[in-house]
Amino acid sequence: AQSVTQLDSQVPVFEEAPVELRCNYSSSVSVYLFWYVQYPNQGLQLLLKYLSGSTLVKGINGFEAEFNKSQTSFHLRKPSVHISDTAEYFCAVSGDSGTYKYIFGTGTRLKVLA
Amino acid sequence: GAGVSQSPSNKVTEKGKDVELRCDPISGHTALYWYRQRLGQGLEFLIYFQGNSAPDKSGLPSDRFSAERTGESVSTLTIQRTQQEDSAVYLCASSPRTGGSQPQHFGDGTRLSIL
Chain A
1 AQSVTQLDSQ VPVFEEAPVE LRCNYSSSVS VYLFWYVQYP NQGLQLLLKY
51 LSGSTLVKGI NGFEAEFNKS QTSFHLRKPS VHISDTAEYF CAVSGDSGTY
101 KYIFGTGTRL KVLA
Chain B
1 GAGVSQSPSN KVTEKGKDVE LRCDPISGHT ALYWYRQRLG QGLEFLIYFQ
51 GNSAPDKSGL PSDRFSAERT GESVSTLTIQ RTQQEDSAVY LCASSPRTGG
101 SQPQHFGDGT RLSIL
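Chain order of the listed sequences is A and B. The working numbering applies: residue 1 is where the first sequence begins, and numbers increase by one. The working numbering applies: residue 1 is where the second sequence begins, and numbers increase by one.
No wet-lab data here; the hints were simulated from the structure. C-beta atoms are modelled at their ideal positions from N, C-alpha and C, and glycine is treated no differently. Keep in mind that the hints are not guaranteed to be accurate.
What the hints assert, rightly or not - Straight-line Cα separation of at most 30 angstroms, DSSO-like style, residue types lysine-lysine; simulated pairs:
1. A:Lys69 - A:Lys111
2. A:Lys69 - A:Lys49
3. A:Lys111 - A:Lys58
4. A:Lys111 - B:Lys57
5. B:Lys15 - A:Lys49
6. A:Lys69 - A:Lys58
To be verified - A short, non-exhaustive set of chain B residues, derived as facing chain A with CB atoms under 8 angstroms:
7. Pro96
8. Gly99
9. Gln104
10. Ser113
What the hints assert, rightly or not - Label pairs and their in silico Cβ distance ranges:
11. B:Ser58 - A:Asn41: 26 to 32 angstroms
12. B:Pro55 - A:Pro40: 45 to 51 angstroms
13. A:Glu66 - B:Thr98: 25 to 31 angstroms
14. A:Ile83 - B:Ser58: 39 to 45 angstroms
15. B:Pro55 - A:Leu51: 31 to 37 angstroms
16. A:Lys58 - B:Leu115: 23 to 29 angstroms
17. A:Pro79 - B:Arg22: 40 to 46 angstroms
18. A:Ile60 - B:Arg38: 42 to 48 angstroms
19. B:Pro61 - A:His82: 24 to 30 angstroms
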């Protein structure tokens with residue numbers, strides 16, 4: 001069975017500082033990994049995805065993530081955050097068999113402080 | 001082009017009433033998913049459609065929940081005899097094809113409140 005752990009429920013950070021949001025997954029099969037962002041009262045927007053190939057994945061809004069198979073991690077990073085990055089961030093995993101449904105983490109609320 | 005559209009955006013109803021939530025996926029997307037998001041929590045998978053059939057209904061919490069999809073487009077999630085624990089945001093997502101590598105495109109959700 002697959003599972004996703006986002007250890008940090010909230011991350012406060014000052015504007016223009018770097019940030020890392022952590023995601024660890026558990027799976028016995030090959031996985032696909034995704035990061036989504038959710039702004040208040042909106043649906044989820046895809047930030048980036050890892051399917052295969054290069055372990056460093058770049059996404060929208062200056063975000064990037066690194067797939068680390070040995071540590072079963074897919075941490076999200078941004079070198080310099082803006083106030084507008086304040087949102088909820090979800091990590092998700094899916095596989096190549098069965099339903100292809102996403103298994104989501106519980107989310108990390110990023111609060112960027114002025 | 002249009003994204004995933006969900007209606008209503010908000011629904012308030014009394015305990016015991018039935019509710020119907022609608023999802024219009026992106027045109028041509030064959031896979032459709034329903035998720036539930038309780039306050040302060042992640043998303044729970046409810047049901048998956050491939051075309052008009054539902055190969056996986058394992059996430060439906062009880063027999064009060066049902067869903068259908070017609071014409072490989074619109075899907076409806078129905079909750080009968082609503083309970084207060086059904087209060088949540090119900091999100092619909094679609095993807096062009098079936099497969100774990102396919103990014104899912106989400107609607108803005110229906111916020112359901114049971115009084």
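Against the structure, the hints:
no.: 1; hint: A:Lys69 - A:Lys111; in the structure: 29 angstroms, holds
no.: 2; hint: A:Lys69 - A:Lys49; in the structure: 15 angstroms, holds
no.: 3; hint: A:Lys111 - A:Lys58; in the structure: 22 angstroms, holds
no.: 4; hint: A:Lys111 - B:Lys57; in the structure: 36 angstroms, violated
no.: 5; hint: B:Lys15 - A:Lys49; in the structure: 40 angstroms, violated
no.: 6; hint: A:Lys69 - A:Lys58; in the structure: 17 angstroms, holds
no.: 7; hint: Pro96; in the structure: 12 angstroms, violated
no.: 8; hint: Gly99; in the structure: 6 angstroms, holds
no.: 9; hint: Gln104; in the structure: 6 angstroms, holds
no.: 10; hint: Ser113; in the structure: 14 angstroms, violated
no.: 11; hint: B:Ser58 - A:Asn41: 26 to 32 angstroms; in the structure: 29 angstroms, holds
no.: 12; hint: B:Pro55 - A:Pro40: 45 to 51 angstroms; in the structure: 34 angstroms, violated
no.: 13; hint: A:Glu66 - B:Thr98: 25 to 31 angstroms; in the structure: 28 angstroms, holds
no.: 14; hint: A:Ile83 - B:Ser58: 39 to 45 angstroms; in the structure: 40 angstroms, holds
no.: 15; hint: B:Pro55 - A:Leu51: 31 to 37 angstroms; in the structure: 22 angstroms, violated
no.: 16; hint: A:Lys58 - B:Leu115: 23 to 29 angstroms; in the structure: 46 angstroms, violated
no.: 17; hint: A:Pro79 - B:Arg22: 40 to 46 angstroms; in the structure: 41 angstroms, holds
no.: 18; hint: A:Ile60 - B:Arg38: 42 to 48 angstroms; in the structure: 27 angstroms, violated
no.: 19; hint: B:Pro61 - A:His82: 24 to 30 angstroms; in the structure: 38 angstroms, violated
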